[in-house]
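Input sequences plus hints: build the corresponding full structure.
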Amino acid sequence: MSAPWFTSLVTVILLVVLLAAGGGAYEGFLSGQVMLNLLIDNAHLLVIAVGMGYVILAGGIDLSVGSVLALTTMIAAWLLNAGWNPLAVIAIVLAFGAVFGAFQGALIHYFQLQPFIVTLAGMFLARGLCYLISIESITIEDPLFVAASQTQIPFIGGFISPSAAIALAVLAVAIWASRRTAFGRGVYAIGGNEQSALMMGLDVARTKIGVYAFSGFCAALGGVLFAFYMLSGYGQHAQGTELDAIAAVVIGGTLLTGGYGYVAGALSGVLVLGTIQTLIAFDGTLSSWWTKIVIGGLLFLFCVVQRLLSARSQQS
Amino acid sequence: MAPPAPAPGPSGASGPSTPPAATKAAPARASLLSHSLAKPILALAALLVLDIIFIPGFLSLEIKDGHLYGPLIDILNRAAPLMLAALGMTLVIATRGIDISVGAVVALSGTVAAMLIGGTMVINNGQPEYVANTPMPLALAAALGIAILCGAWNGVLVAGLKLQPIVATLILMVAGRGLAQLFTDGQIVTVYYEPFFFLGSGYLLGLPFSLWVVAAVLLVVGLLLKKTALGLFIQSVGINPVAARLAGIRTATLIFFTYVFCSTCAGMAGLMISSNIKSADANNAGLLLELDAILAVTLGGTSLAGGKFSLVGSMIGALIIQTLTWTIYSLGVPPEVNMVVKAIVVFIVCLSQSTGFQKLWKGRK
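Protein sequences, first through last, are from chains A and B. Counted from 1, the first sequence has number 164 at position 164 by the working numbering; the numbering is strictly sequential. Counted from 1, the second sequence has number 145 at position 145 by the working numbering; the numbering is strictly sequential.
There's no promise every hint is true.
What the hints assert, rightly or not - Take a look, some chain B residues computed to stay more than 12 Å from chain A by CB distance: (1) LEU116; (2) ARG245; (3) SER279; (4) LEU360.
To be verified - A partial selection of chain A residues facing chain B, derived with a Cβ cut-off under 10 Å: (5) TYR110; (6) PHE111; (7) VAL118; (8) ALA121; (9) LEU125; (10) GLY128; (11) SER137; (12) ILE138; (13) ARG180; (14) LEU243; (15) ILE246; (16) VAL250; (17) LEU256; (18) GLY259; (19) LEU309.
If you are wondering where the hints come from, they were derived from the structure by calculation, not from laboratory data. Glycine included, every Cβ here is placed at the ideal spot set by N, Cα and C.
Shown next as structure tokens:
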């Protein structure tokens, strides 16, 4: 009962129930393109949730991702307007995100600071830096970014955006790395018990800093995808995305105490959140703030289920 | 840094014979500097000195209509909601917890109060006058009741279900604002009823009324913690919850009530804020207030690892944040810089608390 696949199964069943309810209530809800739009609209969230999944598996938390996303859209828009090559801009913001994350990871590891408080400061820092660049929203008119926002890639009976394709690729690589590489196993080991991981001779420092660097990288990549989506850089972009990402990871079946769950859960978590939003949009009479209430309710449900399951496994 | 302690033994053995003045003064100064409130007070003092130098008329106080006005009063007045939130957060953090739903509770209580009071115009003796939709005491009680319910919800999740505090309060943080928006239909609710404004912008005996509220809460809680065993209990729960439970302390009940207290404080802060801006905005009221409150508590020398806490320290921490904000605004620096400055302050405070950093620092010397 308490195997990681059980909670993941619950999420998948929940997703199926939500989709079936939507299909039953609204005509055209289950059409292929509506499903693919879930991916297109939430590509940036998926990438961020993948990074957050790694951090949470390693027993940490990263509150800075939403702000780093906003900051990368800002830096990208700023550099593009200054006439930089778009590929160079993307490389720079990705490297920036990874370095930002690694910096937080180093503080957390070497000074034994709480991840919560360090990434909280990182959140303030990144948002503040956004406004130092500009208070206004900056439009992006770069041909490559515009092309990326408009291209449609044919995909089983419909199309997806390049952003969605990139997000799926990141997910695939992250799943593979979590199961098949030493780094991935190290993440689970540290999340399970950092002391034992250290005694087993694992390079805890490298893994921990690597996890936060990866999360920062994902946040920056999420920023690039978001810039594709919105074609603008703005300091207020993606307020509260860190909470959505944490919610997606928890709903995806990963334990917040670390060491338990699947990276793939990020996909099911993001799809559940996306489906709720789509349901509310299809209904038309419900207000969008119902999304927040339902997400809160789901978080509660999953936390309690996880709590009960882990209590039972301790007893047996 | 610390001056060498006087050699033990001989001087102690010599009994009442007066030791040289220098050795007597040195430990006194050392203990003064190492007092837990020394750092926050010094930080606040440094900020104030900066203000006195760079902002003309910073210390000026004037009396208008029997009320005190001036930059210092302004800072104190604006800091009141944060001070209240920090008071509640201190006790939660002292038990090794954290409450990130404070902002959502502020939005909820402010919204409930604003909706219930509202204000309808009636013509009384030819004079237009606004009356409350619901009697004000009832409305305030309802708003605080909602806040207490929120606290009880958090408390049950943390103390009863034993969820991690950050996760347990995350639920309300996400859903609370949604609920507040549901109540108001997503609109900003404006209040027209005069007496309600007293809470946030009224004056009592020349000082802002909100300050009296903060002082009263601080006094009551401070006395409760000092004069009863409550403070000791909270401290022992923070240091080692298992040992505290084995020693016979009802840890679950205690933790439950710290969350209820925290939310109640947040509820009062919400009333103050909505009364001050004469409206309730479910989307933006108290946004990121939980983070400022946590920052205030940390600045005041309370350890995030639990067990060691100081209510007065948190008050000083809140004042540091508000003075910093005020200074940044009045120096003409773009207010956006505020967040960067706050972030750097958090980094510095965290590093100064970390044993790893202290070792590194001492190793260098």
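(Q) Over 12 Å from every CB of chain A: does B/ARG245 meet that, or does the non-interface label fail? (A) 17 Å, holds
Open item on the list: Tell me if the interface restraint on A/LEU243 is satisfied: Cβ within less than 10 Å of some Cβ in chain B.
Closed with: Holds - the Cβ of A/LEU243 comes within 10 Å of chain B, reaching about 6 Å at its closest.
ask   = Is the interface hint for A/TYR110 satisfied, with its Cβ closer than 10 Å to some Cβ of chain B?
value = 6 Å, holds
Given A/LEU125 as an interface hint, is the shortest Cβ-Cβ distance to chain B below 10 Å? 4 Å, holds
Is the Cβ of B/LEU116 more than 12 Å away from each Cβ in chain A? 20 Å, holds
Self-check item: Beyond 12 Å from each Cβ of chain A, as asserted for B/SER279
Solution: Holds: least Cβ distance 18 Å, greater than 12 Å.
- [ ] Tell me if A/LEU309 is really an interface residue toward chain B, meaning its C-beta lies closer than 10 Å to one of theirs.
- [x] Constraint on A/LEU309 not satisfied, violated at 13 Å.
Using the nearest Cβ pair, does A/GLY259 come within less than 10 Å of chain B? Check failed: Cβ of A/GLY259 comes no nearer than 14 Å to chain B, outside 10 Å.
- Item | Hint check, A/LEU256 versus chain B [nearest Cβ-Cβ separation less than 10 Å] | 5 Å, holds
task: Report holds or violated for the interface hint on A/ILE138, using the least CB-CB distance to chain B and a cut-off of 10 Å.
output: 15 Å, violated
* To do: With a cut-off of 10 Å on the beta carbons, see whether A/ILE246 makes it to chain B.
  => 7 Å, holds
Check your understanding: Is it correct that the beta-carbon of B/LEU360 has no partner in chain A closer than or equal to 12 Å?
Key -> Violated: least Cβ distance 8 Å, not greater than 12 Å.
Violated hints, in rising order: 4, 11, 12, 13, 18 and 19; the structure is consistent with all others.
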